[in-house]
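Build out the structure end to end from the sequences listed, making use of the hints.
Residue numbers (the numbering used here), protein chains in the order written: chain A, 94 to 523; chain B, 410 to 772.
Think of the hints as simulated: they come from the structure by calculation, not from any bench. Fair warning: there could be bad hints in the mix.
[To be verified] Think about it this way: if two alpha-carbon atoms lie no more than 30 Å apart in a straight line, the pair counts; the simulated DSSO-like pairs of lysine-lysine are:
hint	chain 1	residue 1	chain 2	residue 2
1	B	508	B	518
2	A	224	A	170
3	B	659	A	507
4	B	427	A	379
5	B	522	B	440
6	B	659	A	292
7	A	191	A	375
8	B	675	A	507
9	B	451	B	518
10	A	191	A	118
11	B	684	B	518
12	A	170	A	191
[Unchecked claim] Simulated coverage check for chain A against chain B, where a stretch passes if three residues somewhere in it have a Cβ under 8 Å from a Cβ of chain B:
hint	stretch
13	244 to 256
14	304 to 313
15	471 to 477
Quick reminder that beta carbons are idealized off the backbone N, C-alpha and C, glycines included.
These are the residues of each chain, in order.
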Amino acid sequence: MDFNDTPQEAEFRAEAQRWLSDNAKPRTESGGMMAMFAEAEGEGGNRGEAEWEMVRQAQAWQKRKYDAGWAGITWPKRYGGRGASIMQQVIWGQEEAKYETPPNIFMIGIGMAGPTIQVHGSNEQKDRYLKPMLSGEEIWCQLFSEPGAGSDLAGLRTRAVKEGDEWVVNGQKVWTSGAHYSKWGILVTRSDPSAPKHKGLTYFIVDMESPGVEIRPIRQMTGGANFNEVFFKDVRIPDSNRLGAVGQGWSVAITTLMNERMSIGGGGGMLGGDSGLSDVIKGLGKVYVNGRPAIENAAVRHQLARFMTRFKGLELTGYRTLSALSMGGMPGAESSIMKLEMGLLAQQMAAFVMELQGPNGVLMDSDVALMEAMWQQVYLGVPAIRIAGGTDEVQRNIIGERVLGLPADVRLDKGVPFNEVPTGPRTATV
Amino acid sequence: MNFAFDQDQLMMRDAARKLLDDLSPMSAVHKIMDSEESYDAKLWQAMAENGWLGTAIPESYGGSDLGYLELAVLAEEIGRHCASVPFSSSIYLAAELIKAAGTEEQKHKYLPKLAAGEQIATVALAEQGRTDLDGVTAKVEDGRLHGEKSPVVDGLCADLLILPAREHGELSLYLVDLGQGVERSALHSMDRTRKQARLRFDGAAAERLGGSGEAGRHLDAAYDRGAALLAFEQVGLAQAALDMGVAYAKERYAFGRPIGSFQAIKHRLADMFVKLESARSNAYYAAWALAKSPDELPAAAAYARLAANEAAAFATEENVQIHGGIGFTWEADPHMLVKRAKHLESWLGGGLVWGERLLGNAA
Ligand SMILES: Cc1cc2nc3c(=O)[nH]c(=O)nc-3n(C[C@H](O)[C@H](O)[C@H](O)COP(=O)(O)OP(=O)(O)OC[C@H]3O[C@@H](n4cnc5c(N)ncnc54)[C@H](O)[C@@H]3O)c2cc1C
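Structure, rendered in structure tokens:
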């Protein structure tokens with residue numbers, strides 16, 4: 094065990110620092126990694142000129158990294174990557190986090206679709222999709238969840254029917270982040286409704302500009318509209334866009350979901366960040382609790398220390414997971430710990446920092462609330478972390494069953510033909 | 410001992426619920442949220458016509474003098490419906506302060522208008538978000554007020570303001586007509602159905618409310634009364650979140666079964682219920698102390714406040730979680746309850762404030 098960089102790692106870090114300082118501006122203020130969960134109210138997904146400008150800037154930054162070999166540290170060179178180690182990926186993430194960079198809108202592509210295509214794709218598919226994905230030229234979205242299928246993803250009903258060497262797709266997806274600026278989507282469909290639910294699924298790559306694809310924004314509790322509902326009406330997908338065998342869509346989807354959890358819960362980009370509390374502490378000299386600066390209050394100090402400790406535990410657990418990965422492990426159930434704890438911790442921290450601000454705690458005005466209202470924004474954004482990419486409850490089931498080896502829940506839907514599984518009156522539609 | 414509301418009070422609750430079901434379903438609250446309106450004027454009018462505003466105002470000042478328990482009954486229904494009205498500012502805080510500190514003349518002048526809903530009053534508790542009185546810099550000179558108060562709940566729609574200010578080195582309460590000499594700017598509250606403002610005064614006429622140097626004493630009591638009554642709004646809100654969560658857990662299926670059949674969800678809802686019932690019991694005690702046993706109020710209000718803050722935060726946050734993706738949307742109701750819970754909590758303070766008040770009073 095050694096918490097310091099090896100000589101090679103130190104050399105790599107220095108190289109990354111050199112390139113970054115030549116190509117980007119250092120961050121002036123830092124909300125730490127919590128800033129990732131914050132969004133100024135109504136800013137995201139408003140589909141106005143500012144959003145398209147954000148997309149262009151994000152693409153330009155991605156292209157710059159790609160050209161210099163920093164975009165896909167762990168990706169094979171053949172697909173535009175650097176062919177380097179996960180540790181180097183982490184080091185890059187730590188250094189990049191110190192600079193002002195546009196939002197990362199490539200996570201679904203590079204973090205989820207890319208690894209899935211690398212495992213399950215044909216050579217033609219890898220050659221066609223991976224480079225423009227990594228360079229940011231083509232953005233990807235994830236068309237998994239449906240009004241009636243979220244946690245129970247295999248309950249999805251978007252139908253794919255084969256016609257000649259094409260598939261005809263009808264149905265609806267929902268909560269699709271970034272669909273409106275994506276070129277491609279990864280799509281799971283039901284190709285055989287009479288097979289048991291996990292058996293009748295087929296996975297595709299779909300061109301979001303295909304006729305019959307309709308994208309409508311859904312507004313979030315933050316006020317923004319980063320996600321969408323996506324309707325499919327007689328959308329034709331060539332069979333050559335199928336990923337994996339017919340009826341094997343579930344195992345392909347599992348590859349995507351493992352990588353999703355990894356990128357939300359434990360991905361390199363999230364590590365090495367500050368909890369944002371050091372800036373809170375700096376601001377607490379001017380925030381009063383019971384007539385004294387909050388930073389002098391013992392209860393406040395105690396609570397901050399508990400949060401900092403939990404955050405540190407999370408960060409270091411992340412490094413341990415990555416160490417295991419770097420020795421050849423697969424992203425596994427450990428990333429459930431990260432995702433679960435991160436969501437809960439961020440919610441509790443945000444609520445506490447709001448409480449400290451007294452009557453200003455509920456205000457979103459950036460010139461009034463501490464740290465430009467970042468914690469208020471985090472508070473409104475964080476329920477997404479507890480829901481998206483597998484809810485807290487699903488993560489706990491994974492920890493219980495796959496890590497601790499507890500007996501699985503009794504399943505009423507196993508082995509039953511999909512069209513005979515009970516469904517309720519409510520599907521989650523807006 | 411009888412720890413329950415009586416038959417008349419229950420009838421009153423049913424009537425209040427019916428009126429709010431009719432006039433303030435969640436769809437009406439959504440409308441206010443998406444508009445620039447600072448409150449639901451139609452609902453406010455109906456509350457005035459039905460005598461709600463004067464519930465705890467004596468008959469001689471235009472009220473019905475039914476009492477605090479009756480006011481608490483209304484508060485719970487208002488919270489449960491997430492109603493968008495300045496009821497709490499005008500009634501629990503401002504009217505109560507005028508009752509407690511006003512001269513006969515002031516009571517006759519203001520209370521009938523507040524009871525009739527012809528005027529809306531509010532109380533400015535903070536300057537730049539700071540609520541302790543050492544932070545008060547607003548000044549009164551020759552009957553004219555100078556300074557700034559922020560944030561002020563209902564500061565956009567109020568006609569009348571009560572605030573602490575300094576005059577000759579003494580910290581006293583003042584009444585200010587917001588008609589002129591004030592500059593109002595909207596603040597951007599997370600809860601768009603309870604709007605807030607920053608108020609700047611440059612020479613507005615101010616009349617003293619209560620004795621010179623008595624701001625601290627009066628505000629301290631106002632916090633206790635306000636906390637006791639707001640606790641009922643918080644209990645109502647937590648109840649709404651629980652009801653919403655239970656209904657959804659019965660209807661929503663995953664893995665071939667209702668999600669409420671998963672113990673993760675069932676137990677979460679049970680935990681919400683436990684916190685809610687504890688908050689309700691504490692709120693009842695505070696309402697009784699307010700009505701019948703003022704000496705017990707400071708501790709009872711602190712208990713009620715602490716329990717209500719916790720129940721409302723937990724129930725509203727976890728109701729979002731139980732709804733999954735739909736819970737995160739603007740169109741659905743759960744986020745509105747979360748934001749209202751934060752409004753109610755931040756207004757009179759959270760656990761750090763009320764924990765101290767409790768230990769100072771109950772020990
Ligand atoms: C901001 C955001 C972005 C998203 N982006 C995307 C995207 O880009 N692409 C995409 O495909 N999806 C996306 N999603 C969807 C997300 O993956 C689903 O919302 C999530 O899987 C939950 O599904 P659901 O919303 O249907 O909730 P449900 O599955 O209906 O869950 C409702 C409740 O039941 C609980 N529950 C369900 N099953 C169990 C069980 N077995 N045991 C215990 N409790 C259970 C859940 O934990 C939850 O509390 C996004 C969601 C959000 C909030």
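Subject >> Hint check against the structure, violated hint numbers in rising order >> reply: Checked against the structure, the hints that fail are numbers 4, 11, while the rest are satisfied.
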